[in-house]
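K.L.:
Sequence:
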Amino acid sequence: MSLPFDKDLTGFKVYLKPGPTDFRLGLSGLISRILGTMTDEMDEKSLYIFCSTSKKQLRIIYKEGQGAWLLQRRIFKGTFYWPDSVKDSAEISYETLQSYLRDPIPLEMLQIENEINNVELYL
Numbered sequence: 006m007s008l009p010f011d012k013d014l015t016g017f018k019v020y021l022k023p024g025p026t027d028f029r030l031g032l033s034g035l036i037s038r039i040l041g042t043m044t045d046e047m048d049e050k051s052l053y054i055f056c057s058t059s060k061k062q063l064r065i066i067y068k069e070g071q072g073a074w075l076l077q078r079r080i081f082k083g084t085f086y087w088p089d090s091v092k093d094s095a096e097i098s099y100e101t102l103q104s105y106l107r108d109p110i111p112l113e114m115l116q117i118e119n120e121i122n123n124v125e126l127y128l
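Each residue of the sequence shown is one higher than the one before, starting from 6 at the first, in our numbering.
Think of the hints as simulated: they come from the structure by calculation, not from any bench. Just so you know, not all the hints are guaranteed correct.
Derived pair list, reagent style DSS-like, types lysine-lysine, alpha-carbon separation capped at 27 angstroms [claimed, not checked]:
{"id": "1", "residue 1": "K18", "residue 2": "K68"}
{"id": "2", "residue 1": "K18", "residue 2": "K61"}
{"id": "3", "residue 1": "K60", "residue 2": "K50"}
{"id": "4", "residue 1": "K50", "residue 2": "K18"}
{"id": "5", "residue 1": "K82", "residue 2": "K50"}
Here the structure is a predicted model, which means the values were calculated and not measured.
Model the full structure from these sequences, guided by the hints.
P.N.:
Here is the structure:
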């Protein structure tokens, strides 16, 4: 996993927003979601993860100093396995975050439908 900031992320809290999120909100809209439903204030020891309505994109918000990072990952085949719970936010482990960002993504993190188009058997 390579992130665009040079920090050791062990000890960070990783929050995900269950259910789909409309990515038309942009960075400001996602930050208002974080402050409105997930936590009272953002700190520099937390990452906040959102999944798009198509479940093909993830966005990670990270506060650093006076600004914030917006990281995005998009997959072209399959969809991310994402919880559709009614909770506002849930905390996940750093290892789970790494598996979402790893390339290739482990199969248990994906939902793949109709990927086999043609099967040929050679004997």
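K.L.:
Are the Cα positions of K82 and K50 separated by 27 angstroms at most?
P.N.:
Given pair K82, K50 is violated - Cα atoms ~32 angstroms apart, limit 27 angstroms.
K.L.:
Does K18 lie within 27 angstroms of K50 when you go C-alpha to C-alpha?
P.N.:
holds, 6 angstroms
K.L.:
Given the hint that K60 pairs with K50, does the C-alpha gap stay at or below 27 angstroms?
P.N.:
holds, 26 angstroms
K.L.:
Next pair to validate is K18 with K61; report whether the Cα-Cα distance is within 27 angstroms.
P.N.:
holds, 23 angstroms
K.L.:
Given the hint that K18 pairs with K68, does the C-alpha gap stay at or below 27 angstroms?
P.N.:
Within the cut-off at roughly 12 angstroms; holds.
Consistency note: the structure conflicts with earlier hint 5 alone.
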